[in-house]
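4 protein chains.
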Amino acid sequence: MTTTQHARSAQPVTERTAEQAVLIVHGSDRTGIVAAISTVLARHRANIVSLDQYSDDPRGGAFFQRTVFSRPDLKAALPQLEKDLQEQLATGFGLTYALREVATAKRVAIFASKADHCLLDLLWRHQRGELPITVSMVISNHTDTADEVRSFGIPFFHVPSPAGPDKSAAEAEHLKLLAGNVDFIVLARYMQIISGDFIDRVGVPIINIHHSFLPAFIGAGPYAKAKQRGVKLVGATAHYVTEDLDEGPIIEQDVVRVNHADTVAELQRRGADVERDVLSRAVLWHSQDRVIRHGNQTIVFAS
Amino acid sequence: MTTTQHARSAQPVTERTAEQAVLIVHGSDRTGIVAAISTVLARHRANIVSLDQYSDDPRGGAFFQRTVFSRPDLKAALPQLEKDLQEQLATGFGLTYALREVATAKRVAIFASKADHCLLDLLWRHQRGELPITVSMVISNHTDTADEVRSFGIPFFHVPSPAGPDKSAAEAEHLKLLAGNVDFIVLARYMQIISGDFIDRVGVPIINIHHSFLPAFIGAGPYAKAKQRGVKLVGATAHYVTEDLDEGPIIEQDVVRVNHADTVAELQRRGADVERDVLSRAVLWHSQDRVIRHGNQTIVFAS
Amino acid sequence: MTTTQHARSAQPVTERTAEQAVLIVHGSDRTGIVAAISTVLARHRANIVSLDQYSDDPRGGAFFQRTVFSRPDLKAALPQLEKDLQEQLATGFGLTYALREVATAKRVAIFASKADHCLLDLLWRHQRGELPITVSMVISNHTDTADEVRSFGIPFFHVPSPAGPDKSAAEAEHLKLLAGNVDFIVLARYMQIISGDFIDRVGVPIINIHHSFLPAFIGAGPYAKAKQRGVKLVGATAHYVTEDLDEGPIIEQDVVRVNHADTVAELQRRGADVERDVLSRAVLWHSQDRVIRHGNQTIVFAS
Amino acid sequence: MTTTQHARSAQPVTERTAEQAVLIVHGSDRTGIVAAISTVLARHRANIVSLDQYSDDPRGGAFFQRTVFSRPDLKAALPQLEKDLQEQLATGFGLTYALREVATAKRVAIFASKADHCLLDLLWRHQRGELPITVSMVISNHTDTADEVRSFGIPFFHVPSPAGPDKSAAEAEHLKLLAGNVDFIVLARYMQIISGDFIDRVGVPIINIHHSFLPAFIGAGPYAKAKQRGVKLVGATAHYVTEDLDEGPIIEQDVVRVNHADTVAELQRRGADVERDVLSRAVLWHSQDRVIRHGNQTIVFAS
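As you go down the protein sequences, you meet chains A, B, C and D in turn.
Quick note: the first sequence uses UniProt numbering, first residue 1, plus one each step.
Quick note: the second sequence uses UniProt numbering, first residue 1, plus one each step.
Quick note: the third sequence uses UniProt numbering, first residue 1, plus one each step.
Quick note: the fourth sequence uses UniProt numbering, first residue 1, plus one each step.
Chain A on its own, in the form it takes in the complex (with noise of 0.2 Å):
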């Protein structure tokens, strides 16, 4: 059977990423925390690649460092490297931390409903080459989008979504799917929903999109709302999703000009552009341990 297959493409591992890892560090700002981080790649004969590090006062508070070394022979000498690390940072500055090597793609879940920009948008980028991801499945309350979906290779799942608020019984079936399969999870436009059960149950960090600049129009029909107060622009946000409804520490926003004559049709298709755009930039920097948790809000060391 000849079917129009998309090939699966892994983001392909470049020579130059190959031997390459990230590690991400947060705690409480002390002097010598970023000599302690280099003398211990140093004496590993790791070269720093690229560093971004902040502090948001710098007479005490916290302290925040992302750090892209490489170094031949990487996977040889992380275990050595890692034991290291935790000494210095976890035991003498009680920081925590975190080390991956850069060729190990996050695996990702992503949720849709019946739109597809979104959905297809991360699709064909991954397909590109463009997201250093794997998706591990998609997973929908309808149908629309499954031909499409495995045409790139990729299960699709179908869970609909039972009438009324009991969603209990939907979320237990998507715990089932993602257990042990997921590093994280993308709502792309999915219109339900989440429970804060669901979310401390899954365990990994949710990234859902809303169709406006937040905090302006917060909740459903947003666009129906801009159109009503006479906006001149219309975004999107994408943000972690927390028990608080479009109220999750927000990691990229942006928008577009719109003007009087645009209905709310028109306004949906041009925030739809927007919407994809700014999901991938949220995703892409996700992936590549660009983003941090601070409280409701992000340090985004953006590329």
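Derived from the structure by calculation, the hints contain no laboratory data.
Treat the numbers as computed from the prediction; the structure is a model and nothing was measured.
It is possible that part of the hints are untrue.
[Unchecked claim] Where chain C lies over chain B, by a calculated footprint (3+ residues, C-beta under 8 Å):
| id | region |
| --- | --- |
| 1 | 22 to 35 |
| 2 | 43 to 51 |
[Unchecked claim] Below are the PhoX-like pairs computed for lysine-lysine, each with C-alpha atoms no more than 25 Å apart in a straight line:
| id | chain 1 | residue 1 | chain 2 | residue 2 |
| --- | --- | --- | --- | --- |
| 3 | C | LYS75 | C | LYS106 |
| 4 | B | LYS225 | A | LYS225 |
| 5 | D | LYS225 | C | LYS225 |
| 6 | C | LYS106 | C | LYS83 |
| 7 | A | LYS114 | A | LYS167 |
| 8 | D | LYS75 | D | LYS106 |
[Unchecked claim] Simulated DEER-style distance windows between Cβ atoms:
| id | chain 1 | residue 1 | chain 2 | residue 2 | range |
| --- | --- | --- | --- | --- | --- |
| 9 | A | ASP57 | B | ASP56 | 49 to 55 Å |
| 10 | C | PRO162 | D | SER168 | 56 to 62 Å |
| 11 | B | GLN86 | C | LEU245 | 52 to 58 Å |
| 12 | D | GLY295 | A | ALA220 | 50 to 56 Å |
| 13 | C | GLY60 | D | ALA224 | 19 to 25 Å |
| 14 | A | ASP57 | D | ALA224 | 47 to 53 Å |
| 15 | D | MET191 | A | ALA220 | 53 to 59 Å |
| 16 | D | LEU245 | B | GLN86 | 56 to 62 Å |
| 17 | D | PRO79 | A | ASP57 | 26 to 32 Å |
| 18 | C | PRO72 | A | ASN181 | 55 to 61 Å |
| 19 | C | PRO162 | D | ASP56 | 39 to 45 Å |
| 20 | D | ASP56 | A | PRO79 | 26 to 32 Å |
| 21 | A | ALA220 | B | THR143 | 47 to 53 Å |
| 22 | D | HIS294 | B | LEU177 | 55 to 61 Å |
Each residue gets a CB set at the ideal place from its N, CA and C atoms; glycine is no exception.
Please arrange chains B, C and D on chain A, whose structure you already have, making use of the hints.
Frame of chain A; chains B, C and D shown alone:
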């Protein structure tokens, strides 16, 4: 005494605009309005320089048209032309219209407080010949900008704002200064509440610049709220003032990118650039009769 | 056989646009043109939905007008209406005009090579109903995108490009495929030179997307040149194709911010988003008769 | 005599920046540089406030780092700290470095001609405390802006530009005024050619604002050329001045949307806003040591 004195440049009446008039028409849409307007103009040998037209619903909604036309001996021809328009548009179609010679600049009073960036940007653009307005006066509840304003050759009036909620004495003085002298008012970061009574009695449009992307961050301290919420863009909104604070019809909005490292002071610095740009565009468009209010919205035939 | 098949959605003819036509008029400006056009329309009980007018010099330059009007029983009324327009505009004022029912979508052939981002974005927008066009065919000198294109239900023709400068055989095949079948052509990152002879013989407008902000970086390898020059923005330009490479009338341009850390590959990734956005706007505007060529420039009555 | 006099505000040295220094390091990349720098700083009990690092090729390219650090009693500690840096960085790694107390503002001379928008915008921003610079003087070949400049409390020197190509007498006078008094020069729409001889002898960086998006429209009259070409965006470029006109390393660029109806004068008006914004960002970043020249390119660690 040699004092630094900006020339009080009225907008130069160029050869191009000397014989031009602008006609605004709005009301209920019916077939034949454009033909009626353009036929009157053609009969008076007036050439249409530009024409913008908008109907919010082609099957019987509201109709808006802005027409700029030119004619030799414009001034002499206008009375009869207006009489014919009156007959055709007001009597025939039941439309509202306004006719203005382009060479007749609108007169504006600018209200300011301590912050000078929006005020000075307007004065400086006016001096450069960018704004076809006459600045009749600047009114402030502080004296900080008095010398600077007067160096542009513009009268400055200090009307202190009394403590407490009752601003009626100050507003009475405002009304005395404004009466008969202005065609519209600009609040250039004027940090005082305007009463509904004042709005009613002053009888001319009032444009305000709010230092956020409305409807996000209504009220005081929007930059602090923006920092708190962790937004990735900050913006500004120019709108007509109504009794409901920050709820009036929006004329123009814009945003600028910020990030986690920006302090509230830095948001203010970046936002100040957006404020002055947005306000200057709103003032330009209003002064060129490009903005038509329609309920709580605006039709903007932007240049 | 169950193959993934995109529905070949013709742009839905909505109730709104079913009875609409668009009229383009241009020529030498004279007093009374707008009145003449709108009087003919009013006499035929056609209601003007939108009207854009521009004169490049109010004292005797070129005149351009785009008018959208609606009328019950449009199709029946059009022949007589066109006859009257012909008499008034062509005979009376010596103007050029074009009249098209909005429901009659323009037919387009898309030329592509290996890069698929512009091609797929057009097909996907068309499928979503964003572009009022009929995609008659895709022609490529490579076969990479064949399956993907056909999954949208659109014919794909592979016409290899011969080595050497003589493309006449391939162009002859192009002309055979296109003859009578298309109203315009889009070069969606088609990496082959188009001969002046082809432009003459094909007789329909050709839109190209150039991957730089023209006139910067004309010719091949613009992103490498941009990296070399150290620019801080990269862009894309949609233009009509003329015999002079990259010198045709510009329809639309846009840019995106880049920095020193971006490699040429990264510039290409960022630029690809701009290319597809700019091209889709140019195609939308062209398909809605919003673009009028005037010498080496365009009048764009953009939505 | 009461003359209008702007306070000559030096950038206020805030509590925050009083004890901070900025360190720029660049040269050939080697493993261990970050560790060496941060270890010297930690040994001196200096806390890193922000750190930006970039290597153009992780396998042996060029290395660039900007570090801001703070320390109580900074001034007393600097001599020994610098000695240690010298030993580690210059002697050990063969790197180039520069160290500056943040409280020590760079001194600038601004060159202007008749156009005042870029000049005044810099003076305003400086007065508002936005630019950490000391404006030592303004030099102009015209006297138009003399009063305005002096009202800011800044010395104004009129150095007429002689007719003919030989500017050596004027340049000699420039050099006399500048010698020992400035750390960099800004050409704020200064409409005179700068000779290679002057660039060599003045010995400080020179920043120019060009009124186009370079490399498009090099040389004189870029707005007229932009109108002629029919571009849909116009821009501005801030760059370091080299002997090759408009070919120096680009610091910052931006654009604004225009359309067919904009005259050359309108392009100039819209472009003027971009020019002053772009120039002010370039001056801010240069004054904060955020810009490192590297061949004909710049590394910009932008805020």
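Right, here's what the structure says about each hint:
1. 22 to 35: Holds: 7 residues of the region 22 to 35 of chain B have a Cβ under 8 Å from chain C.
2. 43 to 51: holds (count 7)
3. C:LYS75 with C:LYS106: With a Cα-Cα distance of about 17 Å, the restraint between C:LYS75 and C:LYS106 holds, given a limit of 25 Å.
4. B:LYS225 with A:LYS225: holds, 22 Å
5. D:LYS225 with C:LYS225: Holds. D:LYS225 to C:LYS225 sits at ~22 Å (cutoff 25 Å).
6. C:LYS106 with C:LYS83: This hinted pair holds, its Cα atoms lying about 23 Å apart.
7. A:LYS114 with A:LYS167: Answer holds: A:LYS114 to A:LYS167 is near 18 Å, not above 25 Å.
8. D:LYS75 with D:LYS106: At roughly 17 Å apart (the allowed maximum being 25 Å), D:LYS106 and D:LYS75 satisfy the hint.
9. A:ASP57 with B:ASP56: 49 to 55 Å: Cβ of A:ASP57 to Cβ of B:ASP56: about 51 Å, so the range 49 to 55 Å holds.
10. C:PRO162 with D:SER168: 56 to 62 Å: Since the Cβ atoms of C:PRO162 and D:SER168 sit about 60 Å apart, the hinted range of 56 to 62 Å holds.
11. B:GLN86 with C:LEU245: 52 to 58 Å: The hinted range 52 to 58 Å holds for B:GLN86 and C:LEU245, with Cβ atoms some 57 Å apart.
12. D:GLY295 with A:ALA220: 50 to 56 Å: holds, 54 Å
13. C:GLY60 with D:ALA224: 19 to 25 Å: Holds - the Cβ-Cβ distance for C:GLY60 and D:ALA224, about 22 Å, lies within 19 to 25 Å.
14. A:ASP57 with D:ALA224: 47 to 53 Å: holds, 51 Å
15. D:MET191 with A:ALA220: 53 to 59 Å: Roughly 57 Å apart at Cβ, these two residues keep to the hinted range, so it holds.
16. D:LEU245 with B:GLN86: 56 to 62 Å: holds, 60 Å
17. D:PRO79 with A:ASP57: 26 to 32 Å: Hint holds: Cβ distance 28 Å, inside 26 to 32 Å.
18. C:PRO72 with A:ASN181: 55 to 61 Å: holds, 58 Å
19. C:PRO162 with D:ASP56: 39 to 45 Å: The hint (39 to 45 Å, Cβ to Cβ) holds, given that C:PRO162 and D:ASP56 are roughly 40 Å apart.
20. D:ASP56 with A:PRO79: 26 to 32 Å: holds, 31 Å
21. A:ALA220 with B:THR143: 47 to 53 Å: holds, 50 Å
22. D:HIS294 with B:LEU177: 55 to 61 Å: For D:HIS294 and B:LEU177 the Cβ distance comes to about 58 Å; the hint holds.
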